Amino acid sequence: MESESFYGVTLSEKEPIAQFAVPEVAEEYLVHSYKLIIKQISLGPEAKSGEFNVIQAETQENESKKIVKIPIAVLKVGETRSLRPNVEFPNGSVTFKLVQGTGPVYVCGKSEMNLGEYEDVNMYEEYSDEEDESELELDEEASPQTNGKSNKKK
Amino acid sequence: MESESFYGVTLSEKEPIAQFAVPEVAEEYLVHSYKLIIKQISLGPEAKSGEFNVIQAETQENESKKIVKIPIAVLKVGETRSLRPNVEFPNGSVTFKLVQGTGPVYVCGKSEMNLGEYEDVNMYEEYSDEEDESELELDEEASPQTNGKSNKKK
Amino acid sequence: MESESFYGVTLSEKEPIAQFAVPEVAEEYLVHSYKLIIKQISLGPEAKSGEFNVIQAETQENESKKIVKIPIAVLKVGETRSLRPNVEFPNGSVTFKLVQGTGPVYVCGKSEMNLGEYEDVNMYEEYSDEEDESELELDEEASPQTNGKSNKKK
Amino acid sequence: MESESFYGVTLSEKEPIAQFAVPEVAEEYLVHSYKLIIKQISLGPEAKSGEFNVIQAETQENESKKIVKIPIAVLKVGETRSLRPNVEFPNGSVTFKLVQGTGPVYVCGKSEMNLGEYEDVNMYEEYSDEEDESELELDEEASPQTNGKSNKKK
Amino acid sequence: MESESFYGVTLSEKEPIAQFAVPEVAEEYLVHSYKLIIKQISLGPEAKSGEFNVIQAETQENESKKIVKIPIAVLKVGETRSLRPNVEFPNGSVTFKLVQGTGPVYVCGKSEMNLGEYEDVNMYEEYSDEEDESELELDEEASPQTNGKSNKKK
Numbered sequence: 001m002e003s004e005s006f007y008g009v010t011l012s013e014k015e016p017i018a019q020f021a022v023p024e025v026a027e028e029y030l031v032h033s034y035k036l037i038i039k040q041i042s043l044g045p046e047a048k049s050g051e052f053n054v055i056q057a058e059t060q061e062n063e064s065k066k067i068v069k070i071p072i073a074v075l076k077v078g079e080t081r082s083l084r085p086n087v088e089f090p091n092g093s094v095t096f097k098l099v100q101g102t103g104p105v106y107v108c109g110k111s112e113m114n115l116g117e118y119e120d121v122n123m124y125e126e127y128s129d130e131e132d133e134s135e136l137e138l139d140e141e142a143s144p145q146t147n148g149k150s151n152k153k154k
Numbered sequence: 001m002e003s004e005s006f007y008g009v010t011l012s013e014k015e016p017i018a019q020f021a022v023p024e025v026a027e028e029y030l031v032h033s034y035k036l037i038i039k040q041i042s043l044g045p046e047a048k049s050g051e052f053n054v055i056q057a058e059t060q061e062n063e064s065k066k067i068v069k070i071p072i073a074v075l076k077v078g079e080t081r082s083l084r085p086n087v088e089f090p091n092g093s094v095t096f097k098l099v100q101g102t103g104p105v106y107v108c109g110k111s112e113m114n115l116g117e118y119e120d121v122n123m124y125e126e127y128s129d130e131e132d133e134s135e136l137e138l139d140e141e142a143s144p145q146t147n148g149k150s151n152k153k154k
Numbered sequence: 001m002e003s004e005s006f007y008g009v010t011l012s013e014k015e016p017i018a019q020f021a022v023p024e025v026a027e028e029y030l031v032h033s034y035k036l037i038i039k040q041i042s043l044g045p046e047a048k049s050g051e052f053n054v055i056q057a058e059t060q061e062n063e064s065k066k067i068v069k070i071p072i073a074v075l076k077v078g079e080t081r082s083l084r085p086n087v088e089f090p091n092g093s094v095t096f097k098l099v100q101g102t103g104p105v106y107v108c109g110k111s112e113m114n115l116g117e118y119e120d121v122n123m124y125e126e127y128s129d130e131e132d133e134s135e136l137e138l139d140e141e142a143s144p145q146t147n148g149k150s151n152k153k154k
Numbered sequence: 001m002e003s004e005s006f007y008g009v010t011l012s013e014k015e016p017i018a019q020f021a022v023p024e025v026a027e028e029y030l031v032h033s034y035k036l037i038i039k040q041i042s043l044g045p046e047a048k049s050g051e052f053n054v055i056q057a058e059t060q061e062n063e064s065k066k067i068v069k070i071p072i073a074v075l076k077v078g079e080t081r082s083l084r085p086n087v088e089f090p091n092g093s094v095t096f097k098l099v100q101g102t103g104p105v106y107v108c109g110k111s112e113m114n115l116g117e118y119e120d121v122n123m124y125e126e127y128s129d130e131e132d133e134s135e136l137e138l139d140e141e142a143s144p145q146t147n148g149k150s151n152k153k154k
Numbered sequence: 001m002e003s004e005s006f007y008g009v010t011l012s013e014k015e016p017i018a019q020f021a022v023p024e025v026a027e028e029y030l031v032h033s034y035k036l037i038i039k040q041i042s043l044g045p046e047a048k049s050g051e052f053n054v055i056q057a058e059t060q061e062n063e064s065k066k067i068v069k070i071p072i073a074v075l076k077v078g079e080t081r082s083l084r085p086n087v088e089f090p091n092g093s094v095t096f097k098l099v100q101g102t103g104p105v106y107v108c109g110k111s112e113m114n115l116g117e118y119e120d121v122n123m124y125e126e127y128s129d130e131e132d133e134s135e136l137e138l139d140e141e142a143s144p145q146t147n148g149k150s151n152k153k154k
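Those protein sequence lines, which keep their order, are chains A, B, C, D and E.
Numbering-wise (UniProt numbering), the first sequence opens with residue 1 and increments by one.
Numbering-wise (UniProt numbering), the second sequence opens with residue 1 and increments by one.
Numbering-wise (UniProt numbering), the third sequence opens with residue 1 and increments by one.
Numbering-wise (UniProt numbering), the fourth sequence opens with residue 1 and increments by one.
Numbering-wise (UniProt numbering), the fifth sequence opens with residue 1 and increments by one.
Chain A on its own, in the form it takes in the complex (with noise of 0.2 Å):
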């Protein structure tokens, strides 16, 4: 089941630092996988005149697991009001600062959700117990975020 949202948020001077994580979903459901893509970011009209706002964006990588910390971002008024920079946070976590300028910058994107239910999960188990140990292992290893709770799983 897959679940879409608009996502926006505005960085400033005052709130330089938007986090993206895995939000709480009910007890019986497990998220499969959730992904925040970035499709804009611009700067405001009162944005100063020739001061550089640059949004730096902190994830991990998934396969080398190493924490990336890289510029998405480099907007100055009369040069670069706006960009589509696209880029994909597959992984559900994603931090967003504003490490130089006052901004204001709004970032805007999508987040895309996949829910499953816990129940499905178990009517799986009983029919292929083995072939599902080596798939769960795999899946925690793509994406690791479920939801910060333990695996119902023994």
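Keep in mind that the hints were calculated from the coordinates and are not lab data.
Fair warning: this is a prediction, and the values are worked out from it, not measured in the lab.
Every clue listed holds true.
To spell it out: a stretch of chain E is covered by chain D in this simulated footprint if at least three of its residues, at any positions, have a beta carbon under 8 Å from a beta carbon of chain D; those stretches are: (1) 48-59; (2) 70-80; (3) 83-95.
Pairs of lysine-lysine residues, derived as DSSO-like cross-links and limited to a Cα-Cα distance of at most 30 Å, are as follows: (4) K48(A) x K76(C); (5) K69(C) x K35(C); (6) K97(A) x K14(E); (7) K66(B) x K69(A); (8) K97(C) x K35(C).
C-beta: ideal position from N, C-alpha, C; glycine also.
Please arrange chains B, C, D and E on chain A, whose structure you already have, making use of the hints.
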């Protein structure tokens, strides 16, 4: 059954607001999902030089149910005449407002509607009562707009 | 059976209008859907400096059946030579018009056609008469262009 | 079986033409479809200031069989150094030509090839002779390039 | 089983080269395909005014096996600070090099890995030996990177 349509609206000083909402459909149908994608926002040739034109979107985030108000276009003749925000409003409900400037501003995009029949839902219920319940519960969360009709199911 | 094609047309003072419509197909086929996507609109090197060139699209919205006329490109040498509107016309019918300026303006894109055979439709009808009726009814709404032929079904 | 590849070619005064066509494949295979997508066209740092560089595409439209010649990039140092036309050539055959300017111009994209085996086709024919006939007929229309080999079917 | 990851790397005078290659995976898995998509390349705020920064990609074309070296970004402060080339490297192997300029240049994108287990392959072979042979042969052509391991099959 999916149906797509071109979407185009002009905002100006006289008509600064455009509302997008789930349309009326025939009695026997049900809107499963309804999405608007904004492809391009641009200033008309007659827009005033040096004036900022700011289009704000107001919509609801799916998970948090939080109302978000955020500019999706900051335009200015001689600097930024046109943008392709490519933002998506998956819950079928968004209001665009020209909060600064006099326009005209052209907003172009695409709407995607997913339609079903009430019959289908009823038929499905007969065969799988319990499972259906939990699914519908989640569906409502993911796409709350069901065309303003009360759910026939009892 | 889907068929894709490159689409390219040049608009100028002498030929300011281009019409896109469902093409003629062989007797035994039926056009299920036909879509045009405009990828890029750009000014030729010989376009006049300082002159606005405006391309207007005229099409019909699917749900409301409303005719929409809206500029999809406002171009000007030295400011905006090229745009990638990426707008889609899913109902297979749109007219582009150079309403301001002398061009030349290059319009590039892609068409997508979905073809079926009459035989398939007839075969389907034999087995599921009632259900078919409501589906066809909706299909017509979603993609009214069926190549100008009267529907064989009676 | 789909195979994708990066596509990159440099056009200049000395080599102003690049032809894209279905490649040679092993005897036992058949090219079902072959598509080229042009992602980015940009001027090199050594391009002459103030000079227009125009890249023309020449290809065939699928439905009308009409040959189209249209510029897909009008570049000029200090104005437009780079474009992302994102145009697609689904019939696997297109010629790019630097019709104005001296370059260098970098053309980057992606090719997508869909391959099958002759065996598969033969097997299919045994079981569904008549239906196959009409399908193949249409396939040829949609993607006429079958690698220059004569069709084995008799 | 598909796994996606954010990809981000910074190139500068001191570290002008970044290599992308199929990562190490656990013994029992096999990398079916591995793709890198470059979404955005941009200059840092400290980049020198008037200096060209050129990023070259070096990779192999799939069909021809030809090595291609081509600039995918020509950046210059005051002219082009940022690009979205959106180029794809489907064979999982590419080297990016800052061949001109001192940076810093931020390269952002996404990697997509398709993983399978050796067990699956073996199971498949038991049931369809002959067909498998030709398929694997083609697979190697399409995605030659199998993580540097020798193929278990004999």
